[in-house]
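In my numbering, the protein residues as written are 1 to 56.
Just so you know, these hints were derived from the structure itself, not from any lab.
A portion of the hints provided could be inaccurate.
[Claimed, not checked] FRET-style restraints, in silico, Cβ to Cβ:
#	residue 1	residue 2	range
1	R4	R24	29 to 37 Å
2	L34	R4	29 to 37 Å
3	S33	Y13	26 to 34 Å
4	N6	L34	23 to 31 Å
5	G7	K36	39 to 47 Å
The model shown is predicted, which means the values in this text are computed figures rather than measured ones.
Don't be surprised by glycine CBs; every beta carbon is placed ideally from N, CA and C.
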Amino acid sequence: KSSRINGHLDVEYNRIRSRKMFFRKMKECEIQSLHKSSNLHIDAFKGRSLEEFNYS
1 KSSRINGHLD VEYNRIRSRK MFFRKMKECE IQSLHKSSNL HIDAFKGRSL
51 EEFNYS
C-alpha cells in the first residue's frame, strides 16, 4: 500500500518537475527570441544612423 502511495507521489513529482522544465524551456526560448529581436532592432538602428551620418 505504501509503495502505491509512493508511486503516486513519484508520478506527481515527475509531472511537476516536467512542468517546471517546460516553463524553464519556454522562458529560455522567450529570452532568446527577445535577444534576437533586440539585436535585429539594434542592427537596424545602427544601419539607419550610419546612413544618416553618411548623408549629412
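Structure-based check of each hint:
Checked against the hint of 29 to 37 Å, the C-beta distance between R4 and R24 comes to roughly 30 Å, which is consistent with it. For L34 and R4, the hinted distance range of 29 to 37 Å is not satisfied, since their beta carbons lie about 45 Å from each other. Remark: the range hint 26 to 34 Å for S33 to Y13 is upheld by a beta-carbon distance near 30 Å. Restraint check, N6 to L34: a C-beta distance of roughly 41 Å breaks the suggested window 23 to 31 Å.
Between G7 and K36 the beta carbons are some 43 Å apart, a value that agrees with the proposed interval 39 to 47 Å.
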